[in-house]
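Student: The lines below spell out each chain.
Number of protein chains: 2
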Amino acid sequence: MALIVQKYGGTSVGDIEKIKNVARRVVNTKKAGNDVVVVVSAMGDTTDYLVEMAEKISKTPPKREYDLLLSTGEQISIALLSIAIHELGYDAIAFTGFQVGILTTKEHTEAKILDINTSKIFNELKKGRIVIVAGFQGVTEDGDITTLGRGGSDTTAVALAAALKADLCEIYTDVKGVYTADPRIVKTAKKLDVVNIDEVLELASAGAQVLHPRSVIFAKKYKVPLVVKSSFEDDPGTKITEEYMEGLLVTGIAVKTDEAKVSVIDVPDVPGIAAKLFSLVAREKINVNMIVQGTSRNGLSEISFTIPKKDLITLKGIEDEIKKAVSCSKVTYDEDIAIVSIVGVGMRSHYGVAATVFNVLARLGINIEMISTSEIKISVVVRKDKATEAANALHEEFKLSEVEIKTE
Amino acid sequence: MALIVQKYGGTSVGDIEKIKNVARRVVNTKKAGNDVVVVVSAMGDTTDYLVEMAEKISKTPPKREYDLLLSTGEQISIALLSIAIHELGYDAIAFTGFQVGILTTKEHTEAKILDINTSKIFNELKKGRIVIVAGFQGVTEDGDITTLGRGGSDTTAVALAAALKADLCEIYTDVKGVYTADPRIVKTAKKLDVVNIDEVLELASAGAQVLHPRSVIFAKKYKVPLVVKSSFEDDPGTKITEEYMEGLLVTGIAVKTDEAKVSVIDVPDVPGIAAKLFSLVAREKINVNMIVQGTSRNGLSEISFTIPKKDLITLKGIEDEIKKAVSCSKVTYDEDIAIVSIVGVGMRSHYGVAATVFNVLARLGINIEMISTSEIKISVVVRKDKATEAANALHEEFKLSEVEIKTE
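Line by line, the protein sequences are chains A and B. Taking the working numbering, I'd label the letters of the first sequence as residues 2 to 409. Taking the working numbering, I'd label the letters of the second sequence as residues 2 to 409.
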């Protein structure tokens, strides 16, 4: 008998029929003799609907009340799922983050989990019950309801699995698992049966929407055994492992189109300028992704970086402050970019991957505007309308549609 | 400076514009120098929508999960109202029943308030904040979320006013106050400026939908100063008082059409039969309203009583058990009835009110099927399609459209 944590995302519980489907899956896992803890997101568009109502009232709703509002989405879905499981003749009990003691920091809308009180869950499991926990939410020590930000339900599931020392954490989604590329962009993309956790982390950060980076970091830190599966099909999914496959140079390609490029033009090429610039950006809690500093010309240089498009308005608000701090001539913004990344642990021990990438894009006449590399990832910024062509060409070049690795 | 508890019902917060309207009213009360605690119901149809989803999954949803589901309705409206108040530049903080410590019994869907932890509210008031509390909900000592049943938000408001020793509890609704009759039924109905609390209690029980009986009982017990007002118009509303007006025989007329008549035919006229019958009905938690036992004929009698229509299905489920227990020949059900009640503290000291009622109905040829009287109320059961005619005739007979009592 194993203890399994299952997480179902918003599309998996998108309507009443889908909730019933999830109930059947959960009950089958229980029937197979396992203890089951289920983490659920809000139903499909519920969160959007709640956000829309808040925005009709205020452009800047107080974050504490915003969290109080948004957390109802998961409370609705856990209650409905519990009702559906009862209807199948199984005993279940649903808990909000508050009720199950998911203690978080006080940073509303982006709280971090500090602790989980597992005794309540273990007590219910002992009674033979299926335990359902609201994803995405927690509570501060003062009793205020918090939310965990994007991908929060994944984080709840992984954190619960870690706290409960679960044998397995299954992340259910609307695709079969982790793919070599987004099948909507690259038609020949293949599902990976196994993938290394560092690769998943880079892919997630690079825009692959299967798992949220924070949950992957958590899973890596606490060695939570993770599987990504479809809630609609019977497929073993993708197993996420610490091991990696010898001989495989590149595992996946990701395309990110929700970032914008910011260029700070004609900054004096003296020490401390970048520090000043990015301290200001950090103060506004804007996450910077790629950073490139151009070579100096006449003592002046150019710094370009990418940030989430949603943060552009905040950044524009401090443009004057930035200009004053770094003495630049101007700041430009470009929203028509895409970041194409290739990821693979195999790169560590192989030269020439970057060169291959650049060659492929040069052959297609695609201009590379920024380059950034990590030990297992190469990212390039290209025009947004060239991203699909670039991703497909790279997918073919690295023979990703021929990937053939089976779980043991 | 007074401490005022205001309660806004579902129609008062029916949409975003109405929530903004409530926010303005609350802020005006605050601006006038008062401490304000606001109790809010779920927005308009939210509860119906949640109920509908649950019913699509199960005809008998487990009550704990049902409460968990329903309580989200108020959580949404308190969050939105708090956001709207912030938008007006005032500081507000919203609390669920759970967060503010509204401790209840464990009877899910019909829990009773046991205690309210007022220190959290007083702390926030001290900081100058407007405190918003979710109506209709509480929490058990085990941390399970409960709901208080019909009219629960009124009960929350009155209980809070009692616990906080508020100077005033204002119940905002979509009408101007308590009327001599439902203006939809009796066109000449007048708003009462003052009404005695016992009369309100009888009127509420008799079907007047302004205040829920439970909240009135609570207000009476803890001497909470109550006012019923419109959230859409500026009108002093109806003040509910312990005093009563000399010289006024009848204060109001109420019509109730949500009950059905049940007749148990040919029961042996021996002691203990009624006890057996109503013990069975009570076991099913069905609220019996009027009870009439006919005179005996050949040692056989007939017992008729009225119950909420929604409980008919439950009652029919124990029909065989009833037949066996009381040895009756059959049980009949009639949903086409109306209960017309006239209420007035003045009846206590005046004879002939009942006779007047019977005369008026006889003149109109309206058959009286059941009669029940209390010290300050006379209720009659008539055919449902005669209720409006009866109510209007009685309203005129007792000159209720000429009522003229002003608050001092």
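Hints were generated in silico from the structure; no laboratory data involved. Note that the structure is a prediction, hence the values are computed from the model and not measured. Treat the hints loosely; a few may be bogus.
Said to hold, decoys possible - With the Cβ distance kept under 7 Å, some of the chain B side facing chain A (calculated, not the full set): (1) 55; (2) 58; (3) 63; (4) 69; (5) 70; (6) 77; (7) 80; (8) 221; (9) 296; (10) 297.
Every residue gets a Cβ at the ideal spot worked out from N, C-alpha and C, and that includes glycine.
Student: For each hint, tell me whether it holds in the structure or not.
Tutor: Results for each hint:
Nearest Cβ of chain A to the Cβ of residue 55(B): about 6 Å, under the 7 Å cut. The hint holds. A hinted interface residue such as residue 58(B) counts as satisfied when its beta carbon comes closer than 7 Å to some beta carbon of chain A; here the least separation is about 5 Å, so the hint holds. Nearest Cβ of chain A to the Cβ of residue 63(B): about 5 Å, under the 7 Å cut. The hint holds. For residue 69(B), the shortest C-beta to C-beta distance to chain A is roughly 4 Å, which falls under 7 Å, so the interface hint holds.
Taking 7 Å as the C-beta contact cut-off toward chain A, the hint placing residue 70(B) at the interface holds, the least distance being around 4 Å. Checking residue 77(B) against chain A by beta carbon gives a least distance of about 5 Å; that is within 7 Å, so the hint holds. Here the hint on residue 80(B) is kept, as its CB sits about 4 Å from the closest CB of chain A, short of 7 Å. For residue 221(B), the interface hint is violated, the least distance from its beta-carbon to any beta-carbon of chain A being 33 Å, above 7 Å.
At about 49 Å, the closest approach between the beta carbon of residue 296(B) and any beta carbon in chain A exceeds 7 Å, and the interface hint on this residue is violated. The beta carbon of residue 297(B) is not positioned within 7 Å of any beta carbon in chain A (closest approach about 48 Å), and the interface hint is therefore violated.
Going down the numbered hints, you'll see the structure goes against 8, 9 and 10, while the others check out.
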